[in-house]
Every structure is written in C-alpha cells, then in structure tokens.
Amino acid sequence: MATISRPADQAPSRPSRLAQLWQFCAENPLGAAGGFVVIVMIAMAVLADAVTVYDPTRNNFGAMLEAPSREYWLGTDQFGRDLYTRIVYGARTALSVGFISAFVGGTLGLILGVASAHFGGRFDLIMQGIMDVLMAFPLIILALAMVSIFGTGTQNVILAITIPFIPRCARVVRSSALAVRETPYIDAARACGFGHARIVMRHMVPNVFAPYLVVMTAAVGQAILLEASLSFLGLGVQEPVPAWGLMLRGGAQDYAESAPWVAIFPGIAISLAVFGFNLFGDALRDWLDPKLKV
Amino acid sequence: MLRYVLNRVLLMIPTLFGAAVLVFVLMRLIPGDICVLRLASGGGMDQQVLANCRQEIGTDQPMLVQFLQFMKGLLTLDFGKSMWTGRPIIDEIGLRFQLSLQVAIMATITAILIAIPLGTISAVKQNTWIDYVVRGFSIAGVAMPSFWLGILIILGILITSKALFGSPWMPPIRYVPLWVDPFYNLSMLIWPALATGYRYSAVATRMTRSAMLEVLREDYVRTARAKGVYHKLIVRRHALRNALLPVVTILGIEFAFLMGGLVVTEQVFNLNGLGKLFVESVSNQDYNMTQALVMLVVAIFALTNLFIDILYGWLDPRIRYNR
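If you're matching them up, the sequences are chains A and B in order. The opening residue of the first sequence carries number 367 in the numbering used here; numbering runs sequentially from there. The opening residue of the second sequence carries number 14 in the numbering used here; numbering runs sequentially from there.
Just so you know, these hints were derived from the structure itself, not from any lab. Do not take every clue at face value.
[Unchecked claim] List time: in silico EDC-like cross-link candidates among lysine to aspartate or glutamate, alpha-carbon distance up to 20 angstroms:
| id | chain 1 | residue 1 | chain 2 | residue 2 |
| --- | --- | --- | --- | --- |
| 1 | B | Lys-94 | B | Asp-104 |
| 2 | B | Lys-85 | B | Asp-104 |
| 3 | B | Lys-175 | A | Glu-623 |
| 4 | B | Lys-175 | A | Asp-620 |
[Stated by the list, open to error] Beta-carbon label-pair distances, calculated as ranges:
| id | chain 1 | residue 1 | chain 2 | residue 2 | range |
| --- | --- | --- | --- | --- | --- |
| 5 | A | Phe-485 | B | Phe-80 | 28 to 36 angstroms |
| 6 | A | Gly-519 | B | Ile-143 | 41 to 49 angstroms |
| 7 | B | Asn-65 | A | Ala-416 | 38 to 46 angstroms |
| 8 | B | Pro-330 | A | Arg-383 | 49 to 57 angstroms |
| 9 | B | Phe-80 | A | Val-406 | 44 to 52 angstroms |
| 10 | A | Pro-395 | B | Arg-16 | 44 to 52 angstroms |
| 11 | B | Thr-173 | A | Met-430 | 51 to 59 angstroms |
| 12 | B | Asn-65 | A | Leu-638 | 32 to 40 angstroms |
| 13 | A | Gly-495 | B | Ala-239 | 36 to 44 angstroms |
| 14 | B | Arg-238 | A | Ala-399 | 30 to 38 angstroms |
For glycine and all other residues, C-beta sits at the position ideal for the given N, C-alpha and C.
With these hints in hand, go ahead and build the complete structure from the sequences.
See the structure below:
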C-alpha cells in the first residue's frame, strides 16, 4: 500500500507577516490609505513634542492671525498660537478620547452582548430591552445629556461618548454570539462542566472578536467626530487644551474671511482622521469577516 | 395592513416608556442638589429661595411622586417651566419648532435629491470615473463634520459675494416664516439645510448604489432587456423602484444623524432653533429644559422610525406578512 507523503519542502507554508500585510494593502488600497492616515495620526500624537517647536497653549500676541509661512506652517490663530502645533497636539486629544471611549464602550458592549447571548431567556430579554431604550437616543443627544449631568472637560467627555457606544457594540456582538452559542465546541465546554465565566470568557469571547474589532475601529472614528462636535459646541474639551473641534469655535468663524486658515486646517484634520478610521474599519471588516458586509 | 401598523405602534410604547424612565433617572443622578448647584453660582444662598426652587421643580417630593408627575407632564405635554428663563417650556419649544422642522425637511429633501440620482448613476456606470467621483463624494460626506461644512459654506458665501458685489453678504439672521417672505426665508435656511443634507445623503448614496447594483443583476431586469425595453426605462421603472426599499430604511436609521447635525449646524448659522435651545439648556444647566428636549427628540426619532416602518410595509407587501 502506497502511502501518500509529501516532502517537507513542499508543504504549504504560511505566508510571512509582511507578505500578509502586503496582500492586505494590495487587496484594499483604500483600507491601506486609511491605515496610513491612522498610523500618521498615532505618530503625531506620540511624537508631538519632537515634531513641533512651539508651545500649543501659550499665547503670543506678537503673532496673531499670521498667514501660513515658513515660520508658522499653517498660520496662527487669534491668540498667536501656531496652528500646526495645535493640530499635532490636538491629535493627542482626539486619539485619547477616541481610543479610550471606543475601547471601554466596545469592551463593555462585548461582555454584555456575549453574556446576553449565552444566558438567553429572561436575562437576554431584559438586556435587549435596555439596549433598545439606549438606542432610542440619537448618539449626540445622549452624549449631550451625559454632559449635562457630568459636566464638561476631557474626562467627562470620554464618559459621555463611551456610554452611547455600549449598546451599539453589544447588539452587533450579540448577533454573532448567538451563532457561536449553537456550535458543538460550546456544547462540549458545557458537557465538561465549565462555569459560565469560563465559557463566556474563554470560548465565546475569542470567537466574536472579529465583529468586536470592526465595531471598535468604526467607533474610534465616530468618537473623534463626536468629541469634535461637543468641543465645538463648547460642551466638550475646554480651553486651553488643544482640540480640533475647539479650534473651530469662536475665532474660526469670526475671522473666517480675513484668516481662513484658522477655519480650514482643523476641519481638514478632523475629516482626515474620521476618513482614515472609517476606511480602515471597512477594510478590516471585509478582511476579517466578509459576512458583516452591509 | 392595519394589524401591522397597530403592531408597530404597540412596539414603540415600551421603548418610549423606557426612555422616559432613563431620562428621569439620569437627571436625578446629577451629583448634589440641582437647586444648590444652580443657586450657588449666583452668590448668597437664601434658604427660602432654595425651598422655592425645590418646590418648583418638585425635588421636595418623594421619588415616586416625582416620577408620576414627570410622566403626567409628558402625556399632557406640560413640561413645566424653564429653570433659566422661567417661561413654560412648551412655549419655548413652540417658538422654535417651526424653524427646526423646516430645516429638517429641507435637509431631507436635499439628501434625497443628492443620494438617489448620484447613487443610481454610480451603479449604472460602475467602475468608471463617474462612479469613483460619486463614491469619493459620499465618503467625504461621512467624514466631514457638518459644522465644519457650515463654516466652509459661510466662508464661500463671503468670498463669492465679495467678488461679485464688492461687499460681503451674509444670510439673514431673523427668522421669517416661509409663507410671509419665501425668498428671505429660503435665503436664510438653504445653507444649513445643505450642510446637514449633504452629511445625511452620504450613507444613503452608498446604499442606493449597492442596492441598484444588486437589482440590476436580477432576472427580471435581464428579461426587460431581452424584450427590448429602453435602458433608461429599465433603470427608472424596473431597477430603481426595487432598489429604493433599503434606501428608505437607511434614511430612517440615519435620521438620528440629521437631528444631531441640526443641533450643531444651528450653532454655526446662529439659528434660533431647537438645537440651539438644547445646547443652551445643557450649558445653562437648565435641567427641566434638557429633559423635555431629550424626550422630544426621542419621541420624534421613534415616530420617524414608525413612519418608515409603515412606509416600508406599504411599499413592500411581503413585509406585512413576514413580521
């Protein structure tokens, strides 16, 4: 009897990480562009001190509303603060608000969604009821209501943005977890007598990680937009913290005609950031879980 | 159909009730006494004033009584008095409702006028430069904050008017109803409607495109082609009609964005609408006003989705039987 054997060197080798990354970029040029924007933003936020020369918060009344020049790349605002510096530091604010609220909101949603699917029955019904109620509030309205309770400032804004994200993530994760619940390995885990915590955390959560990551990436973009809107309304991050939405408040409109750069550049920063995270999230979705495609 | 409509209406009630409970609880989560918080900023605190304030907003009553009063107020549209201006909330809302409603309707029309033609062209000319331009346009719409778009529009108006007439022109600030002076009214409200409508249209354009792409591959479209129907007629009558269903749904879901967009855009264009009232009530710590407006928004959002559900059932009879 002839055994079919395959020489070791012919075994299908797993492509290297770099090759995988290359393939991802080639298949999703837009996603790669989004990823690039995201990486640039993160680099800006981390290296803010190294890539700027001015102080983002110190007023300089000798250089108010200067046009973009070699000295001030993107011009200065009505307090003489360098716009480029403030945009770079603003990336720090936007990203920290975006990442923290998306991560915390998404993770709470993940746990609630999986638990809801795992326990089912009355628990699921009550959880879904609560989530439905939370979803009845448009995102920014709920965030504003939260601000009216907790007050303004960076930490409260993070809190105000995190809470509306929980039901949105929980809903997506729950629908995936419902499918996972019916798989034989969960049955097997139950048959082994594992506790609820172990089944949920070790067996279900890892298998709904794809939709979780996708929802979370999209949420970062939304959170950045939401933070910018709240700050623009004066109900978010407060002066003198550099934040993109805040930069468009007040001065940007008053000096729109004489100093349009004050109004233009922070808006470009917001749009590019949201654009980057959206495209990256879409590509991630197509790559990780094609079923989720709308 | 009646059964379907009734079913939808009944489904809405628990959500609205839950939202009312949530708003009630949240507004009582405010750390400390609302009256102390509000009056402390005004300097000295007179015990009598404090008691009056508590009596006025009812925080001197037990929780359950407060809740029942709150629910009764919601049902009778009596939201109490503004803690900032002292006027009845329903009057303050009534003053501004018309303006916001008009902008919302105009923004929706803008969105539909952008989304359906562009989405259709994009699908029919799939993978041509037209398609790429349309897709780029809609992706930009999702990423651009509507308040920034508003600022850009104002900037554009200033620059163009200056180039054309020599002096800058600004849209009027005082609201005049449409039927009193249509030109004046539209020259004021068209800009915020454009800024919000573009944002609103972005997702709907993408939805129209993908729905059209799907429908254009259906057998009945091929049949229509085979029997020699004009291309335009196929697109309009056979494809678009069927592709519009998911677009209607997405317009309903995205209605939340429209309301959020209004809140922000009214600030940019300095319109005295509900959105501005909401932002002011939050920054003035006018809790009565905030809770009334939040409930109003939730109710409008729920009613819109009810309307969309009914429209959907009417457009597609299969839905009525399936659910």
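Hints, verified against the model:
1. B:Lys-94 to B:Asp-104: Roughly 9 angstroms separates the two Cα atoms, so the pair holds.
2. B:Lys-85 to B:Asp-104: holds (18 angstroms)
3. B:Lys-175 to A:Glu-623: OK: Lys-175 of chain B and Glu-623 of chain A at ~10 angstroms, within 20 angstroms.
4. B:Lys-175 to A:Asp-620: holds (16 angstroms)
5. A:Phe-485 to B:Phe-80: 28 to 36 angstroms: Roughly 29 angstroms apart at Cβ, these two residues keep to the hinted range, so it holds.
6. A:Gly-519 to B:Ile-143: 41 to 49 angstroms: Holds: the Cβ-Cβ distance is about 47 angstroms, inside 41 to 49 angstroms.
7. B:Asn-65 to A:Ala-416: 38 to 46 angstroms: Taking Cβ atoms as reference, Asn-65 of chain B and Ala-416 of chain A lie about 58 angstroms apart, which means the hint is violated.
8. B:Pro-330 to A:Arg-383: 49 to 57 angstroms: holds (53 angstroms)
9. B:Phe-80 to A:Val-406: 44 to 52 angstroms: Taking Cβ atoms as reference, Phe-80 of chain B and Val-406 of chain A lie about 51 angstroms apart, which means the hint holds.
10. A:Pro-395 to B:Arg-16: 44 to 52 angstroms: Between Pro-395 of chain A and Arg-16 of chain B, where Cβ atoms are some 50 angstroms apart, the hint holds.
11. B:Thr-173 to A:Met-430: 51 to 59 angstroms: The hint (51 to 59 angstroms, Cβ to Cβ) is violated, given that Thr-173 of chain B and Met-430 of chain A are roughly 27 angstroms apart.
12. B:Asn-65 to A:Leu-638: 32 to 40 angstroms: violated (52 angstroms)
13. A:Gly-495 to B:Ala-239: 36 to 44 angstroms: violated (51 angstroms)
14. B:Arg-238 to A:Ala-399: 30 to 38 angstroms: For Ala-399 of chain A against Arg-238 of chain B, whose Cβ atoms are near 37 angstroms apart, the range 30 to 38 angstroms holds.
Going down the numbered hints, you'll see the structure goes against 7, 11, 12, 13, while the others check out.
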